[in-house]
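Note that the protein sequences, when read in sequence, are chains G and F.
Quick note: the first sequence uses the numbering used here, first residue 63, plus one each step.
Quick note: the second sequence uses the numbering used here, first residue 63, plus one each step.
Incorrect hints may appear among the rest.
One-sided and incomplete, this derived list gives chain F residues near chain G with beta-carbon spacing under 10 Å [what the hints assert, rightly or not]:
id, residue
1, R126
2, L138
3, Q151
4, A187
5, G215
6, E220
7, N223
8, L224
9, T375
Straight-line distance between alpha carbons at most 20 Å, and here's what the computed EDC-like set of lysine to aspartate or glutamate pairs gives [stated by the list, open to error]:
id, chain 1, residue 1, chain 2, residue 2
10, F, K222, G, D142
11, F, K219, G, E153
12, G, K222, F, D165
13, G, K222, F, E153
14, G, K219, F, D269
15, G, K222, F, E220
16, F, K154, G, E153
17, F, K222, G, E93
18, F, K219, G, D142
19, G, K219, F, E161
20, G, K129, G, E93
21, G, K222, G, E239
22, F, K222, G, D165
Some chain G residues close to chain F (C-beta under 8 Å, calculated; not the full set) [to be verified]:
id, residue
23, L149
24, L190
25, G192
26, L353
Keep in mind that the hints were calculated from the coordinates and are not lab data.
C-beta atoms are modelled at their ideal positions from N, C-alpha and C, and glycine is treated no differently.
There are 2 protein chains.
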Amino acid sequence: MADGGARTLRRVRVELGERSYDVELGGGLLEALGERVVAQTGASRAWLVTVPPVGRRYGPRALRSLKAAGLRAKRLDVPDGDATKNLRQVEKLYHALLEGGADRQSVLVALGGGVVGDLTGFVAATFLRGVPFVQVPTTLLAMVDASVGGKTGVNLKEGKNLVGAFHQPRAVLGDVETLASLPPRQRAAGFAEVIKAAAIWDAALFDELERHAEALLELEAERLVPVLARAVEIKAEVVSRDEREQGVRMLLNFGHTLAHAIEARSRYRGLLHGEAVAVGMVFAARRSEALGCAPVGTAERLEALCQRFGLPTEAPAYDRSAYLEALAVDKKQKDSRIRFVVLEGLGAARTLPLAPSEIAAALPRKASSRARGRGRAVSRRQG
Amino acid sequence: MADGGARTLRRVRVELGERSYDVELGGGLLEALGERVVAQTGASRAWLVTVPPVGRRYGPRALRSLKAAGLRAKRLDVPDGDATKNLRQVEKLYHALLEGGADRQSVLVALGGGVVGDLTGFVAATFLRGVPFVQVPTTLLAMVDASVGGKTGVNLKEGKNLVGAFHQPRAVLGDVETLASLPPRQRAAGFAEVIKAAAIWDAALFDELERHAEALLELEAERLVPVLARAVEIKAEVVSRDEREQGVRMLLNFGHTLAHAIEARSRYRGLLHGEAVAVGMVFAARRSEALGCAPVGTAERLEALCQRFGLPTEAPAYDRSAYLEALAVDKKQKDSRIRFVVLEGLGAARTLPLAPSEIAAALPRKASSRARGRGRAVSRRQG
Chain G
63 MADGGARTLR RVRVELGERS YDVELGGGLL EALGERVVAQ TGASRAWLVT
113 VPPVGRRYGP RALRSLKAAG LRAKRLDVPD GDATKNLRQV EKLYHALLEG
163 GADRQSVLVA LGGGVVGDLT GFVAATFLRG VPFVQVPTTL LAMVDASVGG
213 KTGVNLKEGK NLVGAFHQPR AVLGDVETLA SLPPRQRAAG FAEVIKAAAI
263 WDAALFDELE RHAEALLELE AERLVPVLAR AVEIKAEVVS RDEREQGVRM
313 LLNFGHTLAH AIEARSRYRG LLHGEAVAVG MVFAARRSEA LGCAPVGTAE
363 RLEALCQRFG LPTEAPAYDR SAYLEALAVD KKQKDSRIRF VVLEGLGAAR
413 TLPLAPSEIA AALPRKASSR ARGRGRAVSR RQG
Chain F
63 MADGGARTLR RVRVELGERS YDVELGGGLL EALGERVVAQ TGASRAWLVT
113 VPPVGRRYGP RALRSLKAAG LRAKRLDVPD GDATKNLRQV EKLYHALLEG
163 GADRQSVLVA LGGGVVGDLT GFVAATFLRG VPFVQVPTTL LAMVDASVGG
213 KTGVNLKEGK NLVGAFHQPR AVLGDVETLA SLPPRQRAAG FAEVIKAAAI
263 WDAALFDELE RHAEALLELE AERLVPVLAR AVEIKAEVVS RDEREQGVRM
313 LLNFGHTLAH AIEARSRYRG LLHGEAVAVG MVFAARRSEA LGCAPVGTAE
363 RLEALCQRFG LPTEAPAYDR SAYLEALAVD KKQKDSRIRF VVLEGLGAAR
413 TLPLAPSEIA AALPRKASSR ARGRGRAVSR RQG
């Protein structure tokens, strides 16, 4: 059958002219992988790139499906963790592909979370000047966020995602049954991007999240799939209007200004990305109220929803100069303004140019000047 | 003045939708660089990437022009030679750019031949997921060939240009006065791609090359600029119709099937690329006659023109198995056919599927079987 036994299937079209593709979400989609890859790429060989824990659990089913569709398929494991997203791994993958005889009739399939998707996507964007690429996200975050937008990239020692390319996948298959093995904290963090999509774009989705938070956290497919599909649809709509991130796509950064600062300050060892985004969203909602952009009560409702999903909502009390430093992307341009995303209510947003100092002024700060002095010294060493 | 004092200026538009750009050819264009970069990119900082010999000769003029247009400009030197086109250099450039504070308002300017253009273009394609890129080719080959098509790339130990991206420049400025320092052999080799453009596409250009071969080799600007502009126009026309190299763009491979085999067989230490292309073109023209595609006399006329430009026309007598191995790109698919480009006369071409063995059968071969045995052993060590 056409859907390969998939259950509760939803399909979202990402409209990008001749680079358009479908994001499919549902249960049992892993079994449909081979058929979709053949239909969307016409490839004869597939390379399944994954990390060991995901590969052990879902690799055999993915490979079986690819081979059943007539593809020669091989699994390539990369180490787990964000440190993997670097040029060394990219180069190792090039060599592994060439050693295995990969050519322009090959397709790369990323099976895993955002790290695997970003890394594999970048290799697909640049190997032989671009080969087709299919994403099989196995985390909530990757299903709703990394699977739309075509952003691929790796980290340099100077920072995250400093190298990359825009390379659209040919297809995205999100099998929600793979989410069952996701630890509770990862699960909660994934919902942060769903909440974000609702907050900036869709009041009805926000209501739906409020009505069914617990069922969604339990991954009940009939509730979950339509909600994820709507979040993907929102991102796809925004990205289709603005593929290269100049205008409306900026709204997707809601909550991310502070989130990135917190992540940089903690060297990515504290909060998960989704957790930092929740903190950033609640902070941004409070600023939206204070600046008169959003009605009173907006931040409180957002905060309550985040808390029901088990997400943190208060910013860590770092030294102000540490926040300032992390907020100013280019340290030589400390006074240049950031396009900060504010809510106009739940379901609508816009950008507002703010100086880093205006943002930092509203953040919690350390109490004593001695502690601040120490904070500065530490932040310098870490800068 | 708008043309910054440029002489005998010709402008060719490369039509690629919103990625369209102009290739300008003429004398004194280096002085117009800064103005063009600002007009085409709106950048505030420029990074001039070059190799030491070219940088010493033309770097100061290029930097002066960039700075006079209000840009903060800095020169970055990479080592000379094709071995430079590797991932190590790419990574070094990323770090140098970040150390110098490069951001999305930065433009990369490639000053030099094809190696500098390919390397700089790939860095521009991938740094911060893509920054603008301007090409200032200083060789004939780069002016007519590398400046159109958007191909960027680097080599891996397994082969040339195995990694890359399609990234169109914002502008190409070919200052023909920089050609004066080109050694005679490089100059001749550059004309091979001009002859190729004429042979596959434009009988009138072929006539023009026959009429003025000597004046062109002397780089007389009034003759040279229109001829180069026409060659660029032909490539631009072909590429505009077929940006991603599926159909008509294949014709640009005329002479290249054998050229690549010769280059691979000699490990790129024998003939220059343009010389190998001349050999490949004459061979392909002879095959075109033998296969009944082109009228008798086609190959002779092409051979005579190549010789007037000082280009070789006879293939080296390698062992047949060595040629076969080099012709079969994927050694596991020795019997798969190559889309070989044949002439239908001077000024028109098409592709014809041929097996590597059909091509190799017409090549000169070593005489004794002992020599052939040795050739095989050598070719294996080199494969």
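Going down the list of hints, with the structure as the test:
For R126 of chain F, the interface hint is violated, the least distance from its beta-carbon to any beta-carbon of chain G being 24 Å, above 10 Å. For L138 of chain F, the shortest C-beta to C-beta distance to chain G is roughly 16 Å, which exceeds 10 Å, and the interface hint is violated. Interface hint status for Q151 of chain F: violated, as the beta-carbon distance to the closest one in chain G is roughly 12 Å, over 10 Å. Taking 10 Å as the C-beta contact cut-off toward chain G, the hint placing A187 of chain F at the interface holds, the least distance being around 7 Å.
Hint status for G215 of chain F relative to chain G: holds, with the closest Cβ pair at about 6 Å, below 10 Å. At its closest, the beta carbon of E220 of chain F sits 5 Å from a beta carbon of chain G; the interface hint therefore holds under the 10 Å criterion. Hint on N223 of chain F holds. Least Cβ distance to chain G is approximately 8 Å, under the 10 Å limit. Hint on L224 of chain F holds. Least Cβ distance to chain G is approximately 6 Å, under the 10 Å limit.
A cut of 10 Å between beta carbons decides the hint on T375 of chain F: the least distance to chain G is about 31 Å, and the hint is violated. Our distance criterion of 20 Å between C-alpha atoms is broken by K222 of chain F and D142 of chain G, whose separation comes to about 31 Å. Of the supplied pair hints, the one linking K219 of chain F and E153 of chain G holds, its CA atoms being roughly 11 Å apart against a limit of 20 Å. Under the criterion of a C-alpha separation no larger than 20 Å, the hint pairing K222 of chain G with D165 of chain F is consistent with the structure, at around 14 Å.
A distance of roughly 15 Å separates the Cα atoms of K222 of chain G and E153 of chain F; the hinted pair therefore holds under the 20 Å criterion. Proposed proximity of K219 of chain G and D269 of chain F is contradicted: the alpha carbons are some 56 Å apart, above 20 Å. With a CA separation close to 29 Å, the supplied pair K222 of chain G and E220 of chain F exceeds the 20 Å bound. Between K154 of chain F and E153 of chain G the CA atoms are separated by roughly 15 Å; this keeps the pair inside 20 Å, and the hint holds.
For the proposed pair K222 of chain F and E93 of chain G, the alpha carbon gap of about 38 Å is over 20 Å, so the pair is violated. For a cut-off of 20 Å, the pair hint linking K219 of chain F to D142 of chain G is broken: about 27 Å separates their Cα positions. Taking the CA atoms of K219 of chain G and E161 of chain F, the gap is about 12 Å. The hint holds against a cut of 20 Å. A threshold of 20 Å between alpha carbons decides the hint, and for K129 of chain G with E93 of chain G the separation of about 11 Å falls inside it, so the pair holds.
The hinted pair formed by K222 of chain G and E239 of chain G fails the criterion: a straight-line CA distance of about 30 Å is larger than 20 Å. As the CA atoms of K222 of chain F and D165 of chain G are separated by approximately 14 Å, the hinted pair is consistent with the 20 Å bound. Nearest Cβ of chain F to the Cβ of L149 of chain G: about 6 Å, under the 8 Å cut. The hint holds. Interface hint at L190 of chain G: satisfied, since its Cβ lies 6 Å from the closest Cβ of chain F, which is below the 8 Å cut-off.
About 7 Å separates the beta-carbon of G192 of chain G from the nearest beta-carbon of chain F, less than 8 Å, and the hint is met. The restraint placing L353 of chain G at the interface with chain F is violated, with a minimum CB-CB distance near 27 Å, outside the 8 Å limit.
Violated hints for the displayed structure, listed by number in ascending order: 1, 2, 3, 9, 10, 14, 15, 17, 18, 21, 26.
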